[in-house]
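A.B. asks: Each chain, written out:
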Amino acid sequence: MEFNSYAFIILFSITILFYNILKGNYRKYILLLASAVFIGYYHLAFLAVAIGLSTLTYFGAKLISCAKTEKRQSLWFHISVILNLLALGGFKYIVFIQDNILQLIGGFGLDLPPLVNKVFLPLGISFYVFQSISYLIEVYWEEQEVEENYFDFMLYMLFFMKFISGPIERPQDFLPQIKSKYTFNYYQVVSGLQLIGIGLFKKLVIADRLAPYLNDIFSSVHNYSGAQLVMATFIYPIQLYADFSGYTDMAIGGARIFGFELSPNFNRPFIAKTITDFWRRWHMSLSFWVRDYIYEPLAASRRAWRQWGVMYALVITFVLLGLWHGASWNFIIYGLIQGVVVCYEMKTSRIRNKLDKRFPKLFGIYSILRTYIIFSLSLLFFRIEKFSDVIYMFKHSVDGISTSFKELNLGMNDHNIIILFSALLLIFVFEYFQDKSDILSKLSKKHIIIRWTAYYCLAFIILLCGVFDSGDFIYIQF
Amino acid sequence: MKTLEEITEIFKEELKDNSVELTRESTAADVDGWDSITNTNIVYAIEQKYSIRFKLREILKLKNVGDLVDTINKKLA
Numbered sequence: 001m002e003f004n005s006y007a008f009i010i011l012f013s014i015t016i017l018f019y020n021i022l023k024g025n026y027r028k029y030i031l032l033l034a035s036a037v038f039i040g041y042y043h044l045a046f047l048a049v050a051i052g053l054s055t056l057t058y059f060g061a062k063l064i065s066c067a068k069t070e071k072r073q074s075l076w077f078h079i080s081v082i083l084n085l086l087a088l089g090g091f092k093y094i095v096f097i098q099d100n101i102l103q104l105i106g107g108f109g110l111d112l113p114p115l116v117n118k119v120f121l122p123l124g125i126s127f128y129v130f131q132s133i134s135y136l137i138e139v140y141w142e143e144q145e146v147e148e149n150y151f152d153f154m155l156y157m158l159f160f161m162k163f164i165s166g167p168i169e170r171p172q173d174f175l176p177q178i179k180s181k182y183t184f185n186y187y188q189v190v191s192g193l194q195l196i197g198i199g200l201f202k203k204l205v206i207a208d209r210l211a212p213y214l215n216d217i218f219s220s221v222h223n224y225s226g227a228q229l230v231m232a233t234f235i236y237p238i239q240l241y242a243d244f245s246g247y248t249d250m251a252i253g254g255a256r257i258f259g260f261e262l263s264p265n266f267n268r269p270f271i272a273k274t275i276t277d278f279w280r281r282w283h284m285s286l287s288f289w290v291r292d293y294i295y296e297p298l299a300a301s302r303r304a305w306r307q308w309g310v311m312y313a314l315v316i317t318f319v320l321l322g323l324w325h326g327a328s329w330n331f332i333i334y335g336l337i338q339g340v341v342v343c344y345e346m347k348t349s350r351i352r353n354k355l356d357k358r359f360p361k362l363f364g365i366y367s368i369l370r371t372y373i374i375f376s377l378s379l380l381f382f383r384i385e386k387f388s389d390v391i392y393m394f395k396h397s398v399d400g401i402s403t404s405f406k407e408l409n410l411g412m413n414d415h416n417i418i419i420l421f422s423a424l425l426l427i428f429v430f431e432y433f434q435d436k437s438d439i440l441s442k443l444s445k446k447h448i449i450i451r452w453t454a455y456y457c458l459a460f461i462i463l464l465c466g467v468f469d470s471g472d473f474i475y476i477q478f
Numbered sequence: 001m002k003t004l005e006e007i008t009e010i011f012k013e014e015l016k017d018n019s020v021e022l023t024r025e026s027t028a029a030d031v032d033g034w035d036s037i038t039n040t041n042i043v044y045a046i047e048q049k050y051s052i053r054f055k056l057r058e059i060l061k062l063k064n065v066g067d068l069v070d071t072i073n074k075k076l077a
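Chains B and G, in that order, are what the protein sequence lines are. Just so we're aligned, residue 1 is where the first sequence starts under this note's numbering, counting upward by one. Just so we're aligned, residue 1 is where the second sequence starts under this note's numbering, counting upward by one.
No lab work stands behind these hints: they were computed from the structure.
Below, computed lysine-lysine pairings styled on DSSO-like, alpha-carbon distance capped at 30 Å:
hint	chain 1	residue 1	chain 2	residue 2
1	G	Lys12	G	Lys75
2	G	Lys63	B	Lys181
3	G	Lys16	B	Lys357
4	B	Lys347	G	Lys16
5	B	Lys71	G	Lys61
6	B	Lys445	B	Lys181
Here are the simulated distance ranges between beta carbons:
hint	chain 1	residue 1	chain 2	residue 2	range
7	G	Ile52	B	Leu33	51 to 59 Å
8	G	Ala29	B	Leu320	23 to 31 Å
9	B	Lys436	G	Thr8	30 to 38 Å
Where a beta carbon is used, it is the ideal one built from N, C-alpha and C, also for glycine.
Go ahead and model the full structure; you've got the sequences and the hints to work with.
C.D. replies: Below, the structure is given as structure tokens:
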């Protein structure tokens, strides 16, 4: 049930109707019911796993808070976290771990058959397991009161606007919102609808227009010239951004209509001057999660190693961040590249600061381009399944240098290129002004003619230029 | 007050920036260069200066410079 599907629109509309008709706790129950329908619509087993793990976390946290001694607290904390990780590992990583062990054993001449061939991956598990762990840690660190109300906790875990691909919410941000009294706020609803419009624009006009061309190239890299491979490499971050930030805009916008404020996930990542800064702007709910719960404890525990301790923590954190996306060596390499580059940036920060002060504009542009290029290249490990195909792309990127301009368009006709270029320009200009002066909220206070002209224009562009036979959101696979 | 002045010197040294000014309310967002990466070195430098050792939970719980000063003073008391 994609956000841009008819089934979702029906579910969303019915839920919003009852949400505003019903009062008090019934509002929460209607959201929980809608969340159960949303998850169960994909597969009932997905719902069963999500409820099971959430219930386990709920009682785990209660045991932590009830424990009389620190030792007991620590015991219940570790059991609860390990059970969550085992569930994630069991569904997501078991085949990968098994295959690697068998390969290792095979190296010693022992040829064993695999025990498990395929395990189904419950929808959204990577996201809600991280929410579970976040809650358990905060309760264990005594930063978060244990949640007594089972239904409130289930809503924190299962709320359908953020279930499939986040943002990964923190208990201290989300649980108080469940407790607060809902009152209909016209401007909040307008703001939510505006964001959904922007999200649809990014997804349907940009991401899904690019998707078929890039999918073809990445699934058969051997059939394309070097110049085309390079082109695809540098365009893919745009598709991924439009797809994932489009999803996030819709999630945040939809939640806002119900009166919930979800965490931001993107903050104009392509203006980042370093990969370090980039990760403060890209998939922020995940990068801040790994920063707070993996990097900081690791770095603090190795602080006597000074810079080496920081680097050790950075590399492990980014490798785990890469691995979070999926069970493959390519994701590990993707994370490793980020970690190594962030370490390099840490070591060279003084010289970069000096250059930035001396040639602010020139060095600024260079830094933005450099960051984009590094991220684009690392994303090949994220996007392409086979390691050999990534290497092929690197090796053959200078093949066919004499390629005609026609080939560089990746098979897109002029009409598509014009739409894409204009849409991208529009989005980047919009994000610039939105960041500077929140033009969306200003728009919602303008005269009715100005407002509705803008809304009709957006709807018209989406209907005219959107690609409606599109596929899933990219991050649904994680 | 003395502790605040002393740790300001440590911040200047670790962040290689003599313009650093700290108040009890200062957070990482207010001080250029004070981020999750430089924080580890700052904490370690403070431990060395005062010959104290923070618990992991104490480090992770620090919200601003005031928290840091209070934790140091508590350990020195």
